[in-house]
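Visitor: Sequences are here, hints too, so could you generate the full structure?
Residue numbers (numbering that gives the first Met the number 0), protein chains in the order written: chain D, 0 to 143; chain L, 0 to 605; chain C, 0 to 572; chain V, 0 to 383.
Source of the hints: derived by calculation from the structure; they are not laboratory data.
Yeah, the Cβ is synthetic: ideal placement off N, Cα and C, and Gly gets one too.
Taking lysine-lysine pairs in the DSS-like style, the calculated list, with each CA pair at most 30 Å apart, reads:
id, chain 1, residue 1, chain 2, residue 2
1, C, 85, L, 237
2, L, 5, C, 181
3, C, 281, L, 41
4, L, 174, C, 42
5, C, 309, D, 111
6, L, 248, C, 42
7, L, 375, C, 18
8, V, 55, C, 293
9, L, 387, C, 18
10, L, 112, L, 55
11, L, 387, D, 111
12, V, 190, L, 484
13, L, 474, V, 217
14, L, 426, C, 42
15, C, 293, L, 55
16, L, 335, V, 220
17, C, 442, C, 135
18, L, 484, V, 55
19, L, 402, V, 224
20, C, 18, D, 111
21, D, 111, L, 426
22, C, 554, D, 84
23, L, 336, V, 289
24, C, 310, L, 484
25, L, 402, V, 220
Label-pair distances were calculated between CB atoms; the ranges are:
id, chain 1, residue 1, chain 2, residue 2, range
26, C, 262, L, 457, 27 to 37 Å
27, C, 490, L, 134, 19 to 29 Å
28, L, 455, C, 110, 29 to 39 Å
29, C, 262, L, 573, 48 to 58 Å
30, C, 489, L, 134, 14 to 24 Å
31, C, 435, L, 428, 24 to 34 Å
32, L, 594, C, 268, 49 to 59 Å
33, L, 594, C, 435, 48 to 58 Å
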Amino acid sequence: MDFRPKIVAFLCNWCAYTGADLAGTSRIHYAPNIRIIRIMCSGRIEPTFILKAFQQGADGVLVCGCHPGDCHYQEGNYKCLRRFKLLQKFTRQMGIEKDRLRLEWISASEGKQFAELVNDMTKTLLSMGPSKVKSSLEVEHLNV
Amino acid sequence: MRSPSKTCIFFYNPQFSDFDPIDYAELIRYAMTFPNVSRIWKYHDFIWNEQNLTDKIEANGIDHLIVAGLLPGTVKTLFSKAMAIAGKDPANVILASFNDYYTGTTFDMDRLKSVLACLIAGLSYETVAIPDENPVNPATLVIGGGIAGIQASLEIAYSNNHVYLVEKTGTIGGKMATFDKTFPTLDCAACILTPKMVEVNQNPFINLMTYCEVQEVSGEAGNYSVRILMRARKVNVKTCIGCGTCTEKCPAQAPSEFDYGTSMRKAIYMPFPQAVPNKYMIDAESCIYLKTGKCRACVKVCPVPDCINLDEQDHEVTINVGNIIVATGFKPFDAKKMDQFGYGRLPNVLTSLEFERLLNASGPTGGNIHLRSQDKKGNWIFTEEAEKPEKVAIIHCVGSRDKNHNKYCSRVCCMYSLKFSHLILEKLPGAEIHEYFIDMRSFGKGYEEFYERILEEDVSIVRGKTAKVEERNGKLFLRGEDILKGEILENTVDMVILSIGLEAAEETRDLSRMLGIPRSEDGFFEEVHYNLDPTATSRGGIYLAGTCQGPKDIPDSVAQGSAAAARAIQSILKGKIYKDLISIPLETIEKRINKLTLVQLEEKHL
Amino acid sequence: MEEPRIGVYVCWCGTNISKMVDVEAVTNEVKALPNVTIAKNYKYMCSDPGQDLIIKDIKLHNLNRVVVAACSPRIHELTFRTACEKAGINPYLFEMANVREQDSWVHTDRTEATNKAIDLVVAAIRRVRYHEPLQKRFVNVNPATLIIGGGISGLTAALEIANAGKQVYLVEKSDQLGGQVKKFDLTFPHLSSAQQMIRPIVQRVDNHPNISVFLETEIREVTGYIGNFKTAISVNGGDPVELEFGNIIAAVGLKPFNPEVISEYNYKEFPDVITSFEFEEKLLAGRILTVYGKEPRNVAIIHCVGSRNKKYHEYCSRVCCMAALKYVHQVRAALPSANIFEIYADMRAYGKGHEEFYALTTHRQIMFLMYDQQKKLPVINQADRSDNCNMIIEMDELLSGQSIEVPVDMVILMVNMEAQENVKQVVRAIGVSLCGNQFFIEKHPKLDPVATTTGGVYIIGTCQGPKDIPDSVAQARAAAARILGAIAQGSVPIEVTTASVNELLCCGCQTCIGVCPYKAISYDENNKVSIVNEILCKGCGTCGSACPAGAIISKHFTDLQILSEIEGVMSMS
Amino acid sequence: MSVRVHPELRNQLMQFGIGDWNACYHCGTCTAMCPLSEEGFLFPRKKIRLMQMGLKNEIESSVEPWLCYYCGDCTSTCPRDANPGELMMSLRRYLTSIYDWTGLSKKFYTSEVWEIGSILLIAVLVVIAFLIGLPAMGYSFTTELTSQGGVKINSFAPIHIIEAFDWAMAIVVGGLLISNILRMYYKIIWKHGHTKVTFWVHVREFWRLVFNFSVQPKFGKCDDKRYWFSHWFLMSGYTIMFIVVVVFLPWFQTEKILPPWHLQRALGYYATFGLLFGLLVAITGRMRRKDVKFYFSHVSDWLFLVMLTLTVITGILIHIFRIYGMPYATYIFYIIHMAVLVPMILIEVPFSKWSHLAYRPFAVYFQHLKTHAVPRKTKINSIN
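Guide: Structure representation (structure tokens):
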């Protein structure tokens, strides 16, 4: 069977999720590899969520929030960015390639950009092949 | 504002238009009675040019002048200039624009005199002409269940006040419910509208009256008595479970109103699947039982006892309300009037509304674009069996911006036409699309961006309106002019979509009489003040919302729906409502002016 | 906790979903999952019969959790929550899977789309197991209203609310009320006097007992929440005044674009190239003169200056065409023999009476010239002595296909309307967002053009997007309707999905206090724990992810719920 | 190379017709409705544009106004009050005045005093010539009748004098027309230095001139064929009469009463009927004002119709009076006939409405010369 990468995406409710909905209402087609999880703000994202996704076998994780300055909750996206930078150092040490974990800003009007982003990430992951960290991440306490 | 001591009046009555029914002689007689009016001139008394005016201003020592008439703004700059040259303050050129106080077919002379009297006293008419107040009945009547009516009803219901929403057809939703996607965001009309429709049905403060019509309105602001005809639906709305068994068995067919006649429905039917109320109804015109006395198939299969009563008769009810919001919407332009496009003769020349249904997933073809074809009985309808078009032309401004039909611009056609192009490309990839326009009016928020987006798509958008559509070898042949290229444009296509304009709805005329609110020249209801009160009428407690006031798009209709509700809620909160603006007699105005000029206006009118 | 009994419903949405997603397969796939009591599909879940189906099943099968796979929760979550409530279960025991906007509409491979739908439905099922009942809450509404901006929209809204007997605080940045309308001589299309129109309104607002006007005042910070906002303003640097109000209307308007950046027009370089606003000043002063003190014999009016051009602003400013036509009448009245050139791109006379006005204007001896506002702007050059005019405009005329030169003595630039400089500050203070064009974003572009995503905050007039006076006024009244409605009700519902602190786990580190943008968390010195003010909390969840002890629970977005959802989307692969 | 716009030209042009073409907002309906508008020669919209912008040179080098036969479809479908049909008519008047080097045409078109005054002046001169000139030259008329009972018309109007006068008039009028056509040629073809028409093309395309003059196929392309017929009938009658009167006067103006089927009388009757029919259609049309093409009437339109009708009616009366032997009536109406005919020919043919009989076919000829000289897409499209 050919490789179909799976992406888990965390989208903030106000900008990114609305943007993804806009891609839908505008019928902009993109790769079907993404699974979207709605959260109220990108500031809500905990490193655990991302690691959990990798552990469950995700080949990539995408985090999308409002553009800087546009956060519905004022600065949740900045907090997300800070944590994200930190986490990225950590995940690289764990053997997760940089391109498997992305943070992007998508506004409520950027349906097209969202579709392009998904396509782009799918392409990258296709060229990278399946994630190898799944087995190495069987960390006990992450299981619910 | 101080009271000017010495005022001159210039009557701007050039009489180059037929439309000037004002009795200027009478107004002049009236104006002469004011001691501070020193001189009055008419348009034909001397040649109105800079030199003459400056001379007049200097010779008569004019500090204040009033230019009165229809569109006096046309000459205002000339007066400002003359004043400036004469060394006076141009701000003292006051306009008495009678066209702002137009009340239907004739001018109410008393009102014009009132306007003049106020301006002569250095006051504004709006400040003085504040009607008396009545106590208000907290219930509100909303006429028309389109998006504007829905919005107004919900707005009032949110304030915990009672609303009667009267709708002529069997479902609320209006024209918007028939649309596929809405520009420029392309979200589907039903997706955003149906939650609101459901909310109307669920809100305990809204009494939804579908298939009803207003027959008579009496009373005055704050307490109107309204007689409403409740048409026999012949299906009990309370007990119908909307199962649809009756429709399956019904043998009679008629063109579907909801699909603008492009598909057939049964005699017992639901206007569309998401109709509110989601109940069936019987069309007496096509029902076999009602015509021949035989059939009753629906009654036999209905699982609910006594739900269908074929002998139900129309009846009337009378309700009392304090405010009335008119949101009767528009009717589409009849494209048959423009024979050069062949609508009605050539089956694949469609109106934009028909095409909306064709695009709509809940429409006759499930959202696939097919050519129109004939069914076994000879009706021209849309079915999925017919072929798909490869070339489509869209012609803008059909019936709009045309002195032979409607002079005004219908405001939405450019945008919905662009939307069509986009949706056709989406549904028929590779289709050839031509749009023919005069001026592209993409003025709203996000509209220009949408236009730019369509320009980048594979659509030919041509400046130059195609004028002729003919049938040639079973195809549609178009002839027009590509204005930017300077070429004759001849094209053969499979389908032509006419972007028809918006016209005042049929009931506008009757309602105008019933409610005593004027209509403007174009047939739409006239607002009391173009700029300051676009949703109010000259009658107290009666407001306008949506396209019955003039063509507009969804956001503007929604804003007006809410705006009309604002006044109703305001009056209910206050417990008092202003009477008709036109009901203020001249003597009252004069008395108030006297009082106000003595005691510097202030608090009185607040 | 009782054992979850979940009902799963997959919507066809006519063909919207069923065309790309095999709803039958989805239903079958999830039927056998643990805790799923029943799984069904139906043509229109949102219709009355669809909702009735859920209600009946809840009662019949004693369901305590519901999952609907349909459109975006942004559209119908409320519909189904209401249905659950009707059937007697807490509305928050419901979860929605978005298989339309984020699945059937964006994919083209039916198998893939179906697989994705299954993943999403499974995730929703896993998540809903951990949902907890939450209660709706209300707060009282302070009947006073703060209006920011004293232009025509702000004034209209203020009068509308004040006339209902409610208090209004009107804050204006400049030293006078009236906004842009105050700068105009006439209004279109009836050529009525703008001054005569705005003056009585300003007077009424000034004298209204229910309206307090604060001039030369800016709003820096607003605290509180819907129904109960607070701000401190200082007038002319004096002592700060504390204001309390229940709703906010932003009516900050737009400002004219500065055409200096358009090199073709040589604005500032040539003194007789002026903006429409500068021209209004001339009209109000009564004299249309060039800098040489002469009457111009040739006047050109250029449309779309800074508008409809990707280099400047892509959007259309909506009023300039009509204003330009208005100038034709004004110039013609004052200068009967002048040549007037109207250099336009598309004539946007779309409003009531506008097209008629346009037709009237064509009879006033004027030359209309069309240019391409995107690709090639007209160029204003200095004229030679022999040209017998002050400047020459060179342009490609589209309707004739000729390259032409137009002699002019005065050029009026119909400048675009763009955002005010302080717009970011206002946005920050009242907690709303801006779109790419720096306009305030409404809650819904069509069905809710005056509300924002922040409860109790409304946007009206041109700050929401360029518009003319009637449209601004209609919006002002629309916002007033909302606010009067809320005041009439006396209370409004507030956020349910807030954060709360598990005091047993809280270590008192106070990290959460620092990250909360709403100052909703405080420290309880006695118990050494953090406390969340659930009225101020808007439920963003930032504190939850920052808490090192896992003591903060983001209601409806708990760690457990999200982690289960992640497991769910990955479970089938 | 950019051209200067001339706003004042529009006001000049408006003197030649009725309407404010500025109302046009360029939807293109008129061009599309027009069956005669064709690739490379688009009208009326393009001409309206030139007029609105005052592009003098472009207007003067246009052949399109002559290609329009005014069916009125453009005006009746025009969504504004722009009245494109009348614009084309007015442009024809304007172009006539431009081709005319004497400047009289402009005077006639823009001043009713000039036009009617000149006509009256010439009419008076004709009357004087008959009443004073001929007797002074020694001619005296007789009231005796011929053996057939007809009037001795040649005694009143000596055939050689009239013939000489006819020839003189024909030469003057022809000379004026030819010089004007040369100017037309110069403006339309010659002036455009960057294009060239070979001599061979001039020869090859010449047949179009003849063909278009005699059949008027362009007019036939209009949707309503009735007007083509009535116009063609009128035109052929007029042409026959003109040739007969100028070239074959001695054969035509005889004292002998020939049988009705004789070519002399048959041709006369044909021409008379053709003229009468065409005139009847035009006059009733202009009076009823139902068709767009007749809705607007310039002074020159009415003058022409009235004069031609008078000419025909007096001609018929002369014929009747001559045959039935009524010398005084014959002679009086002969004077009236000439007093109408002469000014009509002298003023209408070179300077006014009648000149279209030459300009129209030449315009078609020039149109084809242009087509062969100018490759299809030229400077018009340079900016697109």
